[in-house]
Amino acid sequence: MSSWQIIQQSLPLFEKGFVLTLWLSLIGIIGSIIVGLICSLLKYFQVPVLGKIAAIYVEISRNTPLLVQLFFLYYAFPVFGFKLNAEMCGIVGLIFLGGSYMAEGFNGGFDGVSKTQVETGKAIGLSRLQLARYVVFPQGFTLSVPALAANMIFLIKETSIFTVIAIPELTNTALDLIGMYYRSNEYLFMLVVGYAIILIPLSIILTILEKRVRYGSFGN
Amino acid sequence: MAHSGINVLFEGRNLIRLFGGLWTTVEIAAVALVLGLILGVVLGVLRTFPSRLLRFVLRLYLEFFRIIPTVVLLFLFYYILPKQMGVNLPANQVATLVFALWTAAEMSDIVRGALISVPKHQRESGMAIGLSRWQLYRYVLIPQAVSLELPATINLVTRVIKTTSLLMLISVMDVINVGQQVVEANNQKYPTGVFWVYGIIFVMYFVIDYPLSWWAKRMDKKRLERANG
Chain A
1 MSSWQIIQQS LPLFEKGFVL TLWLSLIGII GSIIVGLICS LLKYFQVPVL
51 GKIAAIYVEI SRNTPLLVQL FFLYYAFPVF GFKLNAEMCG IVGLIFLGGS
101 YMAEGFNGGF DGVSKTQVET GKAIGLSRLQ LARYVVFPQG FTLSVPALAA
151 NMIFLIKETS IFTVIAIPEL TNTALDLIGM YYRSNEYLFM LVVGYAIILI
201 PLSIILTILE KRVRYGSFGN
Chain B
1 MAHSGINVLF EGRNLIRLFG GLWTTVEIAA VALVLGLILG VVLGVLRTFP
51 SRLLRFVLRL YLEFFRIIPT VVLLFLFYYI LPKQMGVNLP ANQVATLVFA
101 LWTAAEMSDI VRGALISVPK HQRESGMAIG LSRWQLYRYV LIPQAVSLEL
151 PATINLVTRV IKTTSLLMLI SVMDVINVGQ QVVEANNQKY PTGVFWVYGI
201 IFVMYFVIDY PLSWWAKRMD KKRLERANG
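Listed in order, the protein sequences are those of chains A and B.
For the first sequence, this note's numbering assigns the number 1 to the initial residue and increments by one for each residue that follows.
For the second sequence, this note's numbering assigns the number 1 to the initial residue and increments by one for each residue that follows.
No wet-lab data here; the hints were simulated from the structure.
Values in this document were obtained by computation on a predicted structure and should not be read as measured data.
Wrong hints could be hidden among the right ones.
Okay, the calculated beta carbon distance ranges per label pair [unchecked claim]:
| # | chain 1 | residue 1 | chain 2 | residue 2 | range |
| --- | --- | --- | --- | --- | --- |
| 1 | B | ARG138 | A | ILE200 | 30 to 40 angstroms |
| 2 | A | GLY179 | B | THR192 | 48 to 58 angstroms |
| 3 | A | ARG133 | B | ILE80 | 50 to 60 angstroms |
| 4 | A | ILE200 | B | VAL87 | 45 to 55 angstroms |
Beta carbons: idealized from backbone N, C-alpha and C, even for Gly.
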């Protein structure tokens with residue numbers, strides 16, 4: 001069979017993998033943003049106990065690889081009667097990992113608000129909540145946008161690791177096909193194209209966002 | 001628990017084997033980092049040169065390695081090197097090569113970012129007192145860029161170390177691959193052993209990465225304090 005036929009035949013499978021990658025990424029990203037925002041707010045308002053727990057979670061999640069986290073969820077937890085199917089493991093693992101990255105992204109934004117702004121706010125007698133609501137958050141969220149976008153790209157790429165627990169996303173689809181038919185060139189080509197379709201537009205948007213935020217703060 | 005699963009670690013040579021696997025992981029990461037960081041600095045400096053063609057080619061290189069997930073990069077090299085180019089390397093070396101090239105790509109962006117963040121008047125002053133291009137980089141730009149780029153570089157190092165967890169995919173006998181074997185061999189005797197084996201691998205990665213990322217964070221914080229007063 002010619003390469004073209006191989007590619008044509010595999011198209012429906014890749015389409016499925018593509019959709020699954022997108023879908024898992026989307027859920028993972030939304031979950032990560034929610035977890036990250038909560039952790040970041042706990043830190044910002046220095047909530048007792050919960051703030052500490054969030055900080056510990058962030059360090060654990062940030063400093064261990066997703067693959068090991070997934071192995072833990074998928075192989076180790078069922079031993080203690082806590083069983084999830086592969087896709088749930090993938091989503092939980094991705095949110096566990098992404099939550100800390102997003103938290104760091106938000107933190108970076110809040111920390112980036114200049115001190116003069118905060119002190120001016122205090123000087124005109126804003127309460128802590130008002131300061132957060134009217135001064136720090138509006139500027140901080142803007143500053144954190146590039147980091148959040150970069151994290152999204154990172155998380156989409158991380159979904160490729162789901163292949164180790166046999167979730168049939170893009171990478172798993174390609175590796176499966178290679179294992180069955182030994183046509184590595186064609187299937188790897190499809191795999192690269194699949195990720196390129198998702199990630200090139202996002203990477204362009206990220207560059208634009210970075211430039212805009214930079215322009216906003218430095219004017220060049 | 002009567003048959004506490006933790007004993008799986010002390011059965012036979014299991015613990016020694018796990019540390020042996022960790023050594024393979026660390027070795028690959030270390031070699032790839034040394035090669036990648038050096039190449040990355042060179043590429044980063046080249047990316048601040050005026051030649052448009054050069055900048056375009058290097059940008060393309062960066063974007064390729066940045067957009068394709070590392071898992072896919074590993075498989076690309078694993079399948080394509082022997083098949084298309086007739087280069088037969090053991091999996092360890094394929095992995096080292098991929099990680100080095102990937103590190104170089106990311107590092108080139110860090111270096112470039114730091115170099116263009118050095119204030120313009122520094123560059124212009126250097127040129128005004130008649131420094132050559134080499135002297136300009138050597139005495140003005142690179143020393144200032146180093147302090148700017150250090151936290152990002154350390155973060156890159158932690159990322160590379162975490163990403164070595166993917167080595168098992170191309171069947172390198174890294175710590176996770178060894179862990180899997182230990183789990184399979186002892187499953188009958190220690191049903192909860194899986195928890196402890198992956199647990200200790202989890203801890204190993206954390207112990208290596210946490211001090212590095214803590215250091216990077218502290219430096220970033222100090223810089224922010226200096227910048228914001």
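Query - Enumerated hints in conflict with the structure, sorted upward - result: 2, 4
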